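Residue-level listing of the chains:
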Amino acid sequence: MSVALDHEPKRASINFAKSAGWVTGVAAIAVAFLAPYIWMVASSFKSQFEVFSALNPLNWRAFVPVDGSWANYAQLFENGKVATGLINSFLVACIQVGGALVLCTTTAYALSRIVFPGRRIVFGIILATFMLPTEAIVVPVYRVISGLGLQDTLIGIALPWLASAFGLLLVLPAFEEIPRELDEAARIDGAGHFRIFWNVILPNVKTALATLTLIIFLFSWNSFLWPLVVTSSPDKIVVQVAVAQSVSPGELPNWGLTFAGATAATIPLIVLFLFLQKYFVQGLATSGMK
Amino acid sequence: MAHLAEPRAAGVRGQLRTPARRRAILAATAFLAPFMIILVGLQYFPLGVLVRDSFYRFSLFNPEKARFVGFKNYQKVFSDPDTLQSLFVSVLFIVGFLILVLPIGFVLAVFLNQARRGRSLARVFVFLPVVTSQVVVATLWTFMLSRDGLANAVLGTVNTGPISFLSDSRYALPTLVVVTVWQQVGLCTIIFLGGLQAIPRELVEAASLDGASAARRMWSITVPLLARTTGVTTIVMTVFSLQAFAPAYIMTGGAPDGTTNLIVYHMYKTAFLIKDPGFASAISAVVLIVALAISLSQSRILRPKWSY
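Same order as they appear, the protein sequences are chains A and B.
With the first sequence counted from 1, adding 770 to any position gets you my numbering.
With the second sequence counted from 1, adding 184 to any position gets you my numbering.
It is worth saying that the hints were derived from the structure and are not from the lab.
Please note: incorrect hints may appear among the correct ones.
No more than 25 Å apart at the CA atoms, straight line, and that leaves these computed lysine to any residue pairs for SDA-like [what the hints assert, rightly or not]: (1) Lys-976/A <-> Ala-211/B; (2) Lys-453/B <-> Lys-788/A; (3) Lys-976/A <-> Phe-1043/A; (4) Lys-976/A <-> Asp-1005/A; (5) Lys-1048/A <-> Gly-345/B; (6) Lys-788/A <-> Val-224/B; (7) Lys-1006/A <-> Pro-384/B; (8) Lys-976/A <-> Ile-383/B; (9) Lys-788/A <-> Ile-383/B; (10) Lys-453/B <-> Gly-919/A; (11) Lys-459/B <-> Ile-948/A; (12) Lys-260/B <-> Lys-459/B; (13) Lys-788/A <-> Gly-302/B; (14) Lys-459/B <-> Pro-903/A; (15) Lys-459/B <-> Gly-302/B; (16) Lys-453/B <-> Val-1017/A; (17) Lys-260/B <-> Asn-246/B.
Listing some non-contacts, in silico: residues in chain A with all C-beta distances to chain B over 12 Å [stated by the list, open to error]: (18) Ala-782; (19) Gly-838; (20) Tyr-843; (21) Ala-844; (22) Phe-860; (23) Leu-861; (24) Leu-873; (25) Cys-874; (26) Glu-905; (27) Thr-923; (28) Arg-950; (29) Asn-969; (30) Ser-1003; (31) Lys-1006.
Owing to the predicted nature of the structure, the values given are computational and were not obtained by experimental measurement.
Where a beta carbon is used, it is the ideal one built from N, C-alpha and C, also for glycine.
Construct all of the structure, not just a fragment, from the sequences and the given hints.
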């Protein structure tokens, strides 16, 4: 009996301890993952002197843009490589997204809707490139791209990665889920493959296409090694290379200005991510599950 | 990996009449050609170029003047002290990364799998660095960890430091590992969360009714059922860390004394700064073979799941 009586306060205290643990854990996560971003964004509105005076000794001003100004951003867009980089990165990402949308959907259609000899072989050839580490083949890809005369062009940045096995695997399940009766009916009505592809299949895989668009945009926007290798002139620079160059070793870089560049390179993606989280997580989790 | 469903649209295979078959081949060619041309031309063909180049000595300015050197470039991969050090550093980097990222990702996933207020927000926080570019992460942390950066300012409040995280050879590589963990742990967490959510709730509840403690449930149900997820995560994370480039390029330049000279960065320098693409190709080939071996081990781990 007495056991049952003192059970209640005990459970309450366990619940309290659990809640306290939860709150502490979430707070720790927030500090560990958000504080660096907050410091970066706050500092991007400050002069070099203000950035350092908030750190020595450390005070709350480090995380708040007190007396902030847009001076760094103004400088960035007046003469900066970052401004050129933002435009180029956007163009490259558009080429890459557009290309991937066309190539992955037509290929997924052929593999899921047309019976032809060698289907399995074609699928195998594509699948084999899935785990190919892109960073390890930049040297020969550079040789091929420069052989085509496409080095130092925006097309050259995007082209090698258009035929993406990852993109195909991302959309293929959606194509296979569509009931065959749908295209069967269209075929009886006299529709050819292209009509079926355009009018029957594509309208039914919109979610998969949205995921593909976001993930390819993310990969393209964030890619660094390949654009660094294949471009050389300042008007072809992409935003990641521009940010990397502003951290030039040797001299003391302008922290506020560099942070403004890094912020400008990151905000578009974070905004996209916050609004379209579901698709991002689905897509990237597939990249894990393969 | 994914298996291909049979599109039984036009009847049983092999029974197609010739005109229909010809039409199918024609349509398939039209739909597949763009993808396959780019895939073969810009992924398979370069692989051939890579193998060929690795047996030659030449410069990128004048690739026609190449000299055949047999296996010399490969011999050099395993005898050149800088390259050997780079391979060793990369192994340390990968092992250190895995040792940290897997347990932390797992603990975060278990923690964030609780049905409590604020969990989706906390998941967003953990995932932010995954959608941030490696360049921005490396830049941000270079400043955070510099002698007069945020990390040393925090240490200053408890009267320690300053520590030269990036220029002291004792700290530089561990620092790169920690920064890479910070960036990638969100992906690891999301994959583990997917695995956790696939565990049947009844199983856990039944064990709970039988009087199994939380620790017991974790050890006897959750951990074994996540074995496959853990295998997948390990391989994905290994291949990711094998390709790490931006941390070395931006944060340290391979310094101090080559202790952070990650293999892809070493390959980049060899090809485009030292301008010895033949040797760089041999290094690439070695990286590729390692990555391939890892992916093949993945297909072995995953096979039981596919054969349903």
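Hint-by-hint comparison with the structure:
1. Under the criterion of a C-alpha separation no larger than 25 Å, the hint pairing Lys-976/A with Ala-211/B is consistent with the structure, at around 23 Å.
2. As the CA atoms of Lys-453/B and Lys-788/A are separated by approximately 52 Å, the hinted pair breaks the 25 Å bound.
3. Restraint check: the Cα-Cα separation between Lys-976/A and Phe-1043/A comes to about 18 Å, which is no more than 25 Å; the hinted pair holds.
4. At roughly 35 Å between alpha-carbon atoms, Lys-976/A and Asp-1005/A are farther apart than 25 Å, so this suggested pair is violated.
5. Restraint check for Lys-1048/A and Gly-345/B: the C-alpha separation of about 42 Å exceeds 25 Å, so the hint is violated.
6. As the CA atoms of Lys-788/A and Val-224/B are separated by approximately 56 Å, the hinted pair breaks the 25 Å bound.
7. The suggested pairing of Lys-1006/A with Pro-384/B is violated, with an alpha-carbon distance near 52 Å, which exceeds 25 Å.
8. Proximity of Lys-976/A to Ile-383/B is assessed by CA-CA distance (about 29 Å); at most 25 Å being required, the pair is judged violated.
9. Proposed proximity of Lys-788/A and Ile-383/B is supported: the alpha carbons are some 23 Å apart, at most 25 Å.
10. Note on Lys-453/B and Gly-919/A: the hinted pairing holds, with a Cα-Cα distance of about 23 Å set against a maximum of 25 Å.
11. Simply put, Lys-459/B and Ile-948/A have alpha-carbon atoms about 52 Å apart, too far for the 25 Å limit, and the pair is violated.
12. For the given pair, Lys-260/B sits about 15 Å from Lys-459/B by alpha-carbon distance, which is consistent with the 25 Å threshold.
13. A C-alpha spacing of about 15 Å is found between Lys-788/A and Gly-302/B, which places the hinted pair at or below 25 Å, so the restraint holds.
14. Restraint check for Lys-459/B and Pro-903/A: the C-alpha separation of about 22 Å stays at or below 25 Å, so the hint holds.
15. Only pairs whose Cα atoms come within 25 Å are accepted, and Lys-459/B paired with Gly-302/B is rejected, the gap being roughly 52 Å.
16. At most 25 Å may separate the alpha-carbon atoms for a hinted pair to count; Lys-453/B and Val-1017/A meet this at roughly 18 Å.
17. Taken as a hint, the Lys-260/B and Asn-246/B pair is honoured in the structure, with Cα atoms around 22 Å apart against an allowance of 25 Å.
18. Residue-level check passed: Ala-782/A sits 17 Å from the nearest beta carbon of chain B, beyond 12 Å.
19. For Gly-838/A, the requirement that its beta carbon stay farther than 12 Å from each beta carbon of chain B is met, with the minimum near 17 Å.
20. Every beta carbon of chain B lies more than 12 Å from that of Tyr-843/A, the smallest distance being close to 16 Å; the non-interface claim holds.
21. At roughly 20 Å from the closest C-beta of chain B, the C-beta of Ala-844/A stays outside 12 Å, upholding its exclusion from the interface.
22. Phe-860/A, annotated as away from the interface, keeps every beta carbon of chain B farther than 12 Å; the closest lies near 14 Å.
23. At roughly 17 Å, the least C-beta separation between Leu-861/A and chain B is larger than 12 Å, which holds for a residue marked as non-interface.
24. With 12 Å as the threshold on Cβ separation, the claim that Leu-873/A sits away from chain B is violated: the shortest Cβ distance comes to roughly 4 Å.
25. Remark: the non-interface label on Cys-874/A conflicts with the geometry, its nearest Cβ contact in chain B lying 7 Å away (cut-off 12 Å).
26. Residue-level check failed: Glu-905/A sits 4 Å from the nearest beta carbon of chain B, not beyond 12 Å.
27. A cut-off of 12 Å between C-beta atoms confirms that Thr-923/A is not in contact with chain B; the least separation is 14 Å.
28. The Cβ of Arg-950/A sits about 6 Å from the closest Cβ of chain B, inside the 12 Å cut-off, so the non-interface label is violated.
29. Its beta-carbon lying about 15 Å from the closest one in chain B, Asn-969/A satisfies the requirement of being farther than 12 Å from that chain.
30. For Ser-1003/A, the non-interface assignment is confirmed: its Cβ lies about 16 Å from the closest Cβ of chain B, beyond the 12 Å cut-off.
31. At the 12 Å boundary, the C-beta of Lys-1006/A stays outside the reach of chain B, the nearest C-beta of that chain being 16 Å off.
Violation of the numbered hints given earlier is confined to hints 2, 4, 5, 6, 7, 8, 11, 15, 24, 25, 26 and 28; the remaining hints are satisfied by the structure.
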